[in-house]
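J.: Given next are the chains, with one letter for each unit.
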Amino acid sequence: MVFSSILFLFIYLPLVLGVYYITPLKYRNLFLLFVNLIFYGWGEPVYILIMLLSVVLNYLFGILISRYRSRDRLSRFFVFASVFCNLAILIFFKYYDFIVTNLTLLPGFLDLQPMGLALPIGISFYTFQTMSYTIDVYRKDSNAQKNLIDFSTYVTLFPQLIAGPIVKYKDVASQLGHREYTKEQFTSGILCFMCGLGKKVLLANNIGLLWDAYAAMPSSELSVLGAWLGALAFAFQIYFDFSGYSDMAIGLGRMLGFQFKINFDYPYISKSITEFWRRWHISLSSWFREYVYIPLGGNRVAPWKIYRNIFIVWLLTGIWHGASWNFFYWGLYFAILLSIEKAFLLKPLARAPGWVGHLYTMILVVFSWVIFAITDMSQSLAYFRTMIGLSGVPFSDQTALYYLKNYLPALLFMAVAATPLGKKLWQKQPKTRKRLLAPIFTLLLLILSTAYLVSASYNPFLYFRF
Amino acid sequence: MKRFSATMLVFLLFIGGFFILNFLIPDKAFSEKENRYLSQRPSLSMETLSSGKYMKDFEDYASDQFPGRDWWTGMKAFTEELCGKEENNGVYLAADDTLIEAYKKPDYQQLDKNIKALNTFTADYDVPVYLMTVPGAVEIWREKLPKGAPNYSQKKLLDYLQQNLSGICQVDCLTPLEEHQEEYIFYRTDHHWTTLGAYYGYQSLMDAMGHPATIFKIWETIPGFYGTTQAKAGIPFLPADDILIMTKANENAKISILEGTESTDIALYDQGALEKRDKYALFFGGNHSYMSIDTGLADCGRVLVIKDSYANCLLPFLMQEFSHIDVLDMRFFKGKLNDYLQENHVDSILFCYSLAGFASDTNLFQINRK
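Chains as they are written, first to last, in this note's numbering: chain A, 16 to 481; chain B, 4 to 373.
Simulated from the structure, these hints should not be mistaken for lab results.
Glycine is no exception: its CB is placed at the ideal position from the N, C-alpha and C atoms.
Among these hints, one or two may not hold up.
[Claimed, not checked] Some chain B residues close to chain A (C-beta under 8 angstroms, calculated; not the full set): (1) M11; (2) F17; (3) I28; (4) A32; (5) F69; (6) C86; (7) G87; (8) K88; (9) P109; (10) S156.
[Unchecked claim] Within a straight-line C-alpha distance of at most 20 angstroms, the following computed PhoX-like cross-link-like pairs (lysine-lysine) qualify: (11) B:K373 to A:K420; (12) B:K235 to B:K147; (13) A:K198 to A:K446; (14) B:K279 to B:K116; (15) A:K420 to B:K158; (16) B:K158 to B:K147; (17) A:K420 to B:K88.
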């Protein structure tokens, strides 16, 4: 099930909210667990068993680690076993075919066959969540959750199960036992959710059509302007799609009494790649920092090790996004840039006028999306060459001008929407005006989003490979 | 109400309200605007659940049966128009309130199959075979399209047909239509040519056959037609099309169609169609697998027409030229054409399709079934 669908908005959500709020507090987690499983099972009626297996395994590991805390070697064994099981599940379902396809290029492995397994929805998210649990229990950052219902509810919570944010157990542990329900939080949840819905249905899906047109064009028919339009379109699509989905997840969480941390903090206003990654997909980079970068020594080791750590983390971040080589190169691209910035570029960037940092970051980020969006490396290199004017096509053509004319208002609007301008304007309003604007905004977005959803045949969610 | 903020009320009433409406409003079977059957409630079983089919069907069902569906799709189209978009749902908003469907590059494999089928057919029979592949507004009215709008050239397609067909007489429809492009030769809200456009096509066909063409005038205009492209684009508030009548219904003519094994008589002009949305079905009540027309004219020969819906407004002109016309639509005709031609002697065979339809037709190969 996806949030941006008629089924979710007008059947699942009203039912869930209605029953949730008449359920007595002590049964709310059980009810949530039940609807979580329906939500997940709706999209994965068979692979839901794998998720349930993962939940039970990690629950047991958590208890074992906690029980044998005094015997360090035993509890360390259990945490390693837990990480091993989680990674095994993830690697098998997500990377087996990729590994096999590449191994068959080597002698001795010619007989291996890929299995053609479908990727279980959300596996990259929930395995990372459960790993964070067992590691946190081991590190004594959390107590083990003895109640299987509460633990299962945490792992399967429908707002973030399928596409994040990756919620660390310690960030919600207390909320599992006790949640605050206020109308301010619920209202704030609605506004957050509506922003996300609008971003996904009105912005991302629409600009995605522009990227689709350019992705399908043979490279001989491109123009420089057109290639940039296409890449820019994808940059906007993935931002509004993913941050929109995170907004909806956070909004839904609030409606249910949960407070999740934000996952996107206006990444496109960054003045350096380092800053970009503090604002983009925060829960993922935070997870890698906490569970990979810091255990490897982080910044507190010899310089060559710092760069080694950066490369390890970013190559892993890259392939987390998908089981194909272009994601590896995408991670590598950032590893190189981040290393350069760390080595000497950050200080001059900070001292230069703001627009230099903005332009530098945007151009490099847009280039990175070309690697991300196109699976075939030779195709993305060809697209690249067109963007920098080296492939012999004209600067502009009729088609590019047509798309520019048709999408310029949307592109300008999205450029502004990607900045905190809207949020700042909102925060400056007096309370009385906010009380008037909020319901109007909600109604307007509900009407427009419903219109687009009913008309939709095009409603993919890009991060669904995860 | 202190427990609810205004925002909460708006949100919860909206989603809750439609939740209830969903159940109160009975399911619709057919959408006039979209001209298709709407998804109905799927059946529940272990198989459909475990394969995920039930879920997918249920989502289609929820979407198709959403209250006020037509209003919502119109709202989206209107919003797109307001934002300055020149295209909605694959349909260009062209000049003069015209809607023209974008033409994408056709599947050349399918086209080659159809060309091969035609060449084989033509070689098998002794009678003269004519082909009319009518280019659409997307080609003839390309000046009206938004500047730079991406499109595949139908002229390229016509040239390709010219080079690869053999033995068949290709009737030039491009030239007469281009000559008369300032006239009302295509509908503004539908993908068909108007009766006037078909008239110019008829003139070209008579030229190819060596018959003198009869002069026809516009005899009646029926207003209020909104066609397929308007339904696809969903843009509201456009001026409607007129359906032109240029031939009077002939009292002596006998038109019958075959439904299964039953033969039924029908009229040239199906007045009932004017009550529905698809007014183009005025001509013969739409497409039938097999139609037999006895015009009552003596010694004028017999022609077999194999067609798609583009021929429907051309046939009334042909009724003034031939004694007998057999009409087949290969999408529905399941018999063997070869048997039919052995039993019935025809003087000429005409294939009449829209160019886009011809390129993508997947039933044409059946003409060679023996």
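J.: Hint by hint, note whether the structure agrees.
T.: Status of each hint after checking the structure:
With a cut of 8 angstroms, the hint placing M11 (chain B) at the interface with chain A holds, because the nearest CB-to-CB distance is about 6 angstroms. A distance limit of 8 angstroms between C-beta atoms decides the matter here; for F17 (chain B) the minimum to chain A is near 5 angstroms, and the interface restraint holds. A hinted interface residue such as I28 (chain B) counts as satisfied when its beta carbon comes closer than 8 angstroms to some beta carbon of chain A; here the least separation is about 12 angstroms, so the hint is violated. Interface hint status for A32 (chain B): violated, as the beta-carbon distance to the closest one in chain A is roughly 18 angstroms, over 8 angstroms.
Interface hint status for F69 (chain B): upheld, as the beta-carbon distance to the closest one in chain A is roughly 5 angstroms, under 8 angstroms. The criterion of a C-beta within 8 angstroms of any C-beta in chain A is met by C86 (chain B), whose closest approach is roughly 6 angstroms, and the hint holds. The criterion of a C-beta within 8 angstroms of any C-beta in chain A is met by G87 (chain B), whose closest approach is roughly 6 angstroms, and the hint holds. Evaluation of the K88 (chain B) hint against chain A yields a held restraint, the C-beta minimum of about 5 angstroms falling below 8 angstroms.
The criterion of a C-beta within 8 angstroms of any C-beta in chain A is not met by P109 (chain B), whose closest approach is roughly 15 angstroms, and the hint is violated. Taking 8 angstroms as the C-beta cut-off, the interface hint given for S156 (chain B) is violated, the closest approach to chain A being about 13 angstroms. The suggested pairing of K373 (chain B) with K420 (chain A) is violated, with an alpha-carbon distance near 54 angstroms, which exceeds 20 angstroms. For the hint pairing K235 (chain B) with K147 (chain B), the CA-to-CA distance comes to about 19 angstroms; that is within 20 angstroms, so the pair holds.
Annotation: proposed proximity of K198 (chain A) to K446 (chain A) holds, straight-line Cα distance about 15 angstroms (limit 20 angstroms). At roughly 36 angstroms between alpha-carbon atoms, K279 (chain B) and K116 (chain B) are farther apart than 20 angstroms, so this suggested pair is violated. Annotation: proposed proximity of K420 (chain A) to K158 (chain B) is violated, straight-line Cα distance about 27 angstroms (limit 20 angstroms). A C-alpha spacing of about 17 angstroms is found between K158 (chain B) and K147 (chain B), which places the hinted pair at or below 20 angstroms, so the restraint holds.
Of the supplied pair hints, the one linking K420 (chain A) and K88 (chain B) holds, its CA atoms being roughly 8 angstroms apart against a limit of 20 angstroms.
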